[in-house]
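Student: Sequence:
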Amino acid sequence: MRWVTLQTEQGPRACGWWEGRYVDINAADPSLPASVRGLIALGA
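Note that my numbering has the sequence shown beginning at -13, numbered continuously upward.
Check before you lean on any hint, since a few could be wrong.
Stated by the list, open to error - Each pair of labels, with its calculated beta carbon distance range:
hint, residue 1, residue 2, range
1, 27, 6, 25 to 31 Å
2, -10, 16, 14 to 20 Å
3, -8, 17, 16 to 22 Å
4, -10, 29, 16 to 22 Å
5, -12, 15, 14 to 20 Å
6, 29, 6, 27 to 33 Å
7, -8, 27, 15 to 21 Å
Rather than coming from a laboratory, the hints here were simulated on the basis of the structure.
Note that the structure is a prediction, hence the values are computed from the model and not measured.
The beta-carbon is built from N, C-alpha and C at its ideal position, and this holds for glycine as well.
Let the sequences and hints guide you as you build the complete structure.
Tutor: In structure tokens:
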């Protein structure tokens, strides 16, 4: 999986590229950081 931070109407969102599309991980768990940099800082 490739990780990206996308700028959306809701602000930055941490997403994974999976099976040809972006998956917004913040939609699944809003407690996670909104950027990939934030995820890395957590050790994820």
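Student: Next, verify each hint and record whether it holds.
Tutor: Status of the hints after comparison with the structure:
Judged by the Cβ atoms, the range 25 to 31 Å given for residue 27 and residue 6 holds: they are separated by roughly 28 Å. Distance hint check for residue -10 and residue 16: the Cβ-Cβ separation is about 18 Å, which falls inside the suggested range of 14 to 20 Å. The supplied range of 16 to 22 Å is met by residue -8 and residue 17, whose beta-carbon atoms lie about 19 Å from each other. Distance hint for residue -10 and residue 29: a CB-CB separation of about 19 Å, consistent with the stated range 16 to 22 Å.
In this structure, residue -12 and residue 15 meet the distance hint of 14 to 20 Å, their C-beta atoms being roughly 19 Å apart. For the pair residue 29 and residue 6, the beta carbons lie near 28 Å from each other, so the given range of 27 to 33 Å is met. Between residue -8 and residue 27 the C-beta distance comes to about 18 Å, which sits within the given range of 15 to 21 Å.
In terms of the numbered hints stated before, the structure departs from none.
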